[in-house]
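Line by line, the protein sequences are chains A and B. Letter 331 of the first sequence, counting from 1, is numbered 1785 in our numbering, and no numbers are missing. Letter 168 of the second sequence, counting from 1, is numbered 169 in our numbering, and no numbers are missing.
Everything labelled a hint here was simulated from the structure, so no lab data went into it. Please read all numbers here as calculations on a predicted model, not as lab measurements. Warning: the hint list may mix true and false statements.
Stated by the list, open to error - Reference listing, derived: stretches of chain A covered by chain B, where coverage requires no fewer than 3 residues with Cβ under 8 Å from a Cβ of chain B:
#1 1766–1776
#2 1920–1928
#3 2017–2027
#4 2085–2095
Beta carbons are placed, not taken as given, at the ideal position from N, Cα and C, and that holds for glycine.
Okay, here's what each chain looks like letter by letter:
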Amino acid sequence: MPIGHSLTVSSRAAAGSRAEGATASAGAASARPETDDPGPVEGIAESDYPVAGAPPPPLVPDETPAEPEPEMEAGPEPAGPVAASAAEGEPPPDGNPEPEAEAEAQPEAESRSETQPETQPEPPATEVTDSDRHHGDPQAELIASLRWVRAELGQARFPLALPDAAAAAERATALTAQLDDYLLPRLARLDAPLLMVVGGPTGAGKSTLVNSLVRAPVSQAGVLRPTTRAPVLVSAPGDMRWFLATAAPTDPALLPGLERTTGHVEPGALRMISAPGLPRGVALLDAPDLDSIVTENRRLAEQLLAAGDLWLFVTSAARYSDAVPWAALRAARDRGTRLALLLNRVPDGAEDEILDHLAELLDAENLADIQLFVLPEATLDGQGLLAEHQVAPIAAWLTELGEDPHHRVRVVGDTLGGALAALRWGAEEVADALDRQYAAGMVLRESVREGYAAARFAVESAIGNGILLRGEVLPGWWGFVHDGGLDELLRAPLTGPQRRPRSAASGGRLLAALSAALATLVAEVGAQAADRVRAAWMTQPAGAALLSGTRPDGAETRLDRARVLAREWLARIPDETGGEATALLVALGVLGGDLPLDDRLRSRVHGVLGHGAVRALVGRSRADRFARILGLLDADAAALTGPLAKVDAAAEAAHQLRQALLAGPQEEAA
Amino acid sequence: MTVDVALDAPALLARVEALTGFVLGADGVLPAPRLARARGLARRAEDRLRLSGEHTVVALAGATGSGKSSLFNALARMELSTVGVRRPTTAHSFACVWGRSGTPPLLDWLDVAPERRFTRESALDADDEAGLRGLVLLDLPDFDTLAAEHRVEVDRMLELVDLIVWVTDPQKYADQVIHDRYLRAFHRHGEVTLVVLNQADRLTPADRQRCVDDLAGLLAGDGLPDVPVFAVSAVAADPGSEQLRAAIARAVAGRRSALRRLAADLDDLAAEMNDVMDGPVGPNSVTTDQVGLLADSLAAAAGVPAVARAAGEAYQQRSRWALRRIWGVPPNDPLAELLASDPGAGQEPAQRAAVRAFTEPLAQRLPLPWATALTDGVKGGLAELPGRLRRIVTATDVSSATAPVWRLLGAARWVGVLAALAGAGWLAVAHRSGVTVPVLLIAAGLIVALAVTVGARSLLAARTRAARGAADQRLREAVSELTRSSLVEPVREVLARYAQARDALRAIRG
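Using the sequences and the hints, build the whole thing.
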């Protein structure tokens, strides 16, 4: 078996940890609708006793091939209990017929239950090593690790608009889809018939070719573009069961997300047709076109192409150098899919020139050894079919592919091997993109941190320099000093009942002016920090995207918040001191900084402020003021960094994805 | 859709001029790529209007294998362009001109190499090509193959030509690339768009009609519901080809395609610029109240009230000194003391807050790029503000001179006091000669001294207030002047440019 030969196990920890993780996810599994196959629940029960020595259940009875093949022996061999239960006890997203819905429904709970055990992988690993060694089944382990990779890929999110984010998200989706649609189902039934996707641009004659190969009008062909709106899967009658949807999550069908219909045409559903004209061992999938203006067609076509063991790329003389299908061809090549090319509708006499050019193009794309067929522009018979002798080479090729099991398995092995390598490569890129998300998020966070640290420093140094008593407040301060208010304040008893001072009015005005100045300072410093962060973010693509279309928030609301802050802080001082005069003194102590007074008066004020009780009050009030300003600035900073919370998990997600990739069987160092 | 009103050349020229005005107004405000598009259109429009109006440039654009070159040959009724099976075929544009005069500059502008230019109408042709006289037919490369440089050439040409004939075929008419990338982008150009379903001979007549209908439906989906579709066979004579020829002949004879094309381009641009234009705001949107409030806030932050108060106090002290001692000045000066303590120190936050309160309400009425330009516009003034305010406060002469009246009054008081003392002495040493004169002397002296004392008090209060007021006014005037020149003017300038661009955009809409 090519998989077993070329891919081998490197880490046993994964299987063990997954068995443990399965227990945690039992809740999620049993919460699923009753109609589901009870399979997963049994799997969980077994996974609780990984080395219980119970007779290992046959992996999947259906999988025992009808016609045993020598190279398949490793596959159907009963798997060790651990590996089997690990595979079965998996949280069910992979086996669910609707992977998208599933992934959305329980991504969080599932991810944690799966990934947590990773942090202490040693105990389960040692526990299972013994049985693992005896019953180790690389194939089951591969499936288990692929499911882990799939779960991690399904959770990969790229919220920051980095240049590579859209591509990475697309790649993660594509890899997830390929795992669901092809890799996992295919690995579970290596002996299924080959699935050949017939794909290509619109109007190249895909449906006509399929019809002609099976000698019956099974797929709708026509002059109106695009034609094949519902994909058609044609197989020999005996092979059909392989492609029908299954409910068992342990035994996923190809393309589990596609509904199957027989007979009537339903957009988006896979029409199953059994055609006696087709040799056994090969099924044809007539895909929608790759380049039409119907977006669903294109998407579906790409999905189907990723699910095939082979791709028969059908193009025409008018189309063979179109850019769009070549991009798909390149993607298939990178994915490791076996390719064949049919150049259709070649006008008389043009064959040599076109073939020369096509060979050049193929050579340039590293596709020189591709299987190539050529059909001339031909009139169709009454049923809309090409003449039998024209498609005979292709039919012969199909028969040859299908009838020889060795050949078939080699084809599957090639494609699977290529797909696994491409998966690893692509998933690495996804992990790198996740790391970049995290790094970009950290850069943005850092500018917020810097901006608001500067704001805190600016507030404290401004207050320390005594700017609140200067500028606009200075005349009021002077008035207070000259009216004898300060003198009175310094003489007033610091505790006990206080007389209402003579200068209460100017003292009150001063306090109000101080409060307003504090509010202005806090609001402006906050606004400046926000400006600075915006400017820094605009230089980063992710930051610019987060800010695009937004404006700096209103100075008016900012000032209102600062006013409330100043008022609430001031209101707290009399509570603590019990007297208005002392409150003003404390406020001067906290906000005055370097007082604009002559040296004699200043030292007098400092003397009073340094007095034990007042000093304690000033200290408490200063701490209160500091905390309030800090709280306000932190709230502003948190509003900015809020959207970045989504990327905090990206580094961990990248790590988990890499772990999942390492957990699977590695390619042997040949 | 273009209205016919815009279709005489002067009106179009006015719209193009408005576009130039728009570019000037928006320069440095809008992102460079958007502006570059507008600038490019202005240049292109001017060029095209300057070049031959007798000629209509028609481009055949399409996918590879759709038969552009065959159609080119069919329309020229000559084998000019090579028709190949190898895809893609033509990498360069070919031109065929019906009627000779005036075309070389046009073809130079289109950048068609001389060896790829053909002239159709010659003496040999008699008059059967007269209907197309004035046609410049271009055969463009394909836009859908692996050869990316072809797309570049196509995109360049499609910017310049007057009328576009989209050539497609039964295999490719529903391709994403022609619809999503091209036809949709030209959905305002319906009047200069023709669509050809080539190779129609490969379909049965019934299929041909279904195909044409299907294509028309797709075109309607692209936003081009009224565009005619011609089912044509380039290799065989058929009615579709004649209809296409007639449609092109009509466009050539009408000589309106160039104008229509530019009008549609201007419509396109105006629609695209919609999001950077909003309500009517102009330099007059800045009210005197707003400016006054800003100046007041800045003056307060700079310590102007404190300085004025100190100036008044200084005046009061000096006047009192003069009143009492007649000679000399008091040893301490409150104004100098205050200025030495720098009353506006560290008030940058208050100044910034005042400027923010001024610009923000205006910025909020502007679309984002202009709002940014507005706040950027005051940045320079804001940076210089603390230093300039300090200079105003320290360098403006706010001290009122001590008026001589105080010394005179002081002297008068001393005279009164001395007179009273003299009267008292007189009374004491010489009472025989009568008491009338000394008593009068005492009374007069006391009255004078008392009157001076009482009168000086209220006068001093009034003059002190006046001195303080004068200082305040002088400082505020200087701050207002600074506010206007370094903050309000830049804001007005941005608003003026916004208004200019906004008016221009309305004019571009025609």
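A quick look at each hint next to the structure:
Residue count for the stretch 1766–1776 of chain A with a Cβ under 8 Å from a Cβ of chain B: 7. That meets the three needed, and the coverage hint holds. Counting residues of the stretch 1920–1928 of chain A whose C-beta sits closer than 8 Å to any C-beta of chain B gives 6, which meets the bar of three, so the coverage hint holds. Closer than 8 Å: that is the beta-carbon criterion, and the stretch 2017–2027 of chain A has 0 residues meeting it against chain B, so the requirement of 3 is violated. Only residues whose C-beta sits within less than 8 Å of a C-beta in chain B count toward coverage, and the stretch 2085–2095 of chain A has 0 of them, not enough to reach three; the restraint is violated.
Violated hints for the displayed structure, listed by number in ascending order: 3 and 4.
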